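Asker: Listed below, chain by chain, are the residues.
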Amino acid sequence: MKPILQAQGLRLAFGGVKAADGIDLDVGEGEFLAIIGPNGAGKTTFINMCTGWLKPQSGRILWRGEDIAGLPPRRITQRGIARSFQLPQLFTEHTVLRNLALAIAAREGAFSLLRPLLRPGWTKEAMEILRGFGLESLADTRADALNEGSRKLADIAMAVALKPRLLLMDEPTSGVAASEKLGIVETLARVLRETGVSAVFVEHDMEVVSRFADRVAVWSQGRIVANGPPEAVLADPEVRREVIGIEDAHAAP
Amino acid sequence: MTHRREALLALLFALAVLAAAFAVPWLRFVLTLALAKGIAALGVMLLLRAGQVSFGHAMFVAFAAYAVAFLAGQVGEALLLLPLAILLAALLGLVIGLFVARYREIFFGMLNLALSMVFYSLLEKFYSITHGTDGMRVPAVTWAGMATERVGGEWAVLVAALVLAIGFALLARLYLASPLGEALQGIKTREARLEFMGLPPRRVLLVAYVLSAAMAGTAGALIALTTRHVTPLMGYWTASGELVFIVILGGAGGVLGPFLGAIAYELVRVYAAASVADAWQLILGAVLLAVILFARGGLFSLLRGRRA
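Going line by line, the protein sequences match chains S and U.
The opening residue of the first sequence carries number 1 in the UniProt record's numbering; numbering runs sequentially from there.
The opening residue of the second sequence carries number 1 in the UniProt record's numbering; numbering runs sequentially from there.
These are calculated hints, taken from the structure and not from any lab test.
Predicted model, so just to flag it, every value in this text is computed and none were measured.
We treat Cβ as the ideally placed atom computed from N, Cα and C, and that holds for glycine.
Take every hint as true, because none was put in to throw you off.
Which stretches of chain S does chain U cover? Using the computed rule of at least three CB atoms under 8 Å from a CB of chain U, they are:
1. 61-74
2. 85-98
3. 110-122
Chain U is nowhere near these chain S residues, computed Cβ spacing over 10 Å in every case:
4. Asp24
5. Glu31
6. Arg131
7. Leu135
8. Ser137
9. Asp140
10. Asn147
11. Ala177
12. Ser179
13. Thr187
14. Gly196
15. Ser210
16. Arg211
17. Arg223
18. Glu231
19. Asp236
Throw the hints in and build the complete structure from the sequences for me.
Answerer: So this is what it looks like as structure tokens:
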């Protein structure tokens, strides 16, 4: 698979804590890569570096051959990399529909002063995206009135509305009710597959990982300790013990 | 509030202003000042949408007023002077905006204040050019080629102020519903998200800043044409504070708010100053306190019938 994003030798430490200690990681065209690992391992730091929020102390991040490490977030977004957040980042005083429409406007580079945000074409597109996430009934609700799960989905929907080539998601299913989790990821995966979008997602739910990831990277103390197809990685007893926290010996009857 | 109700309200408001100016001649001057300050306050309101309070916008008022005073000798036509002064204020807004749009909250407010006080000092100290605190007289100008005597001149400025007020209110209304205007509120609530969407927040704020400078400049030009005398005090920090006061009083929830606030402010000031000479600031302070305690959305929210 041809890589579109290549991280090479990324290093970043906060004080003495090494969040990235020589990370080499590729994301293929159209690939879904899951990153798993204990809290504080540096998974979010990786997303922050790929989206320009943090600058690696050394190493390169190649996007289709161009080094984007250290570019400001908006330049990276303009190149086709979008992200969603572990804690949803919504415009709290706007309705859900307006949140989506703002993302569409940003994508279209709309700097018109006089034409309305809620123009028919954008409203229609925003509603279609909301329908995909099961949020259409909440379109006119203010974002600060949403429950945690809907907030999370609206956050991802905004990233999807940017029509990226690569979508980075930080714990997309945390806070989402267990009964809705798989349905939502399924919808999301379908939308992304249809348009050939690559995805990287940090995830703690192993069922979501095993069902939707093409590949799993295990991140521990700033290093990638395992990297491969989900069935192989998730079966590795060391990964199960160190990262997922399952002692096979105890689990056995 | 629906578009139609707001348009109806604006129309009633304009008619009331004209009727009052017709019935009580000395109110023409007061109402012209009120409309001018309403336009400037509308600009301050745009920045408030982004959560930013400027304590220095009187600088643009004074800048445009002095521009009128300096240019009236060469350009004796009000219909040329007005757009010229507005354009100059917008240009100054662009230059200063490029700098201050990088800052937020207390830093934004204080930087605007500091710059306005620098400008105030320049007006005051360069006596040979600006005549210092004595100020400058504005020569008589023509309106559409017609020389106007005192009453005709008063009506001309009032009507110009009313037309400009309506024009800027419409412009602000369209702007606030546009992507850039809606993004302003995003600066207040989640600026980082704008960055991650590829929309530069600084540019979003800069557009609002230039618009607000143009509006403050409009106010300054109108005030210069109606008072026929400009002084550095027009750019003093208390004049900037007055604009913020007017927005809070009138309410930032709609474009009519600043105008309601400005009219209420000027009328209370005139009547309170006449009846209880030394206590008018006390009365204004009490009015503001009442608004903050009982009607957070200002006078506009009372008219609308619910609290914003």
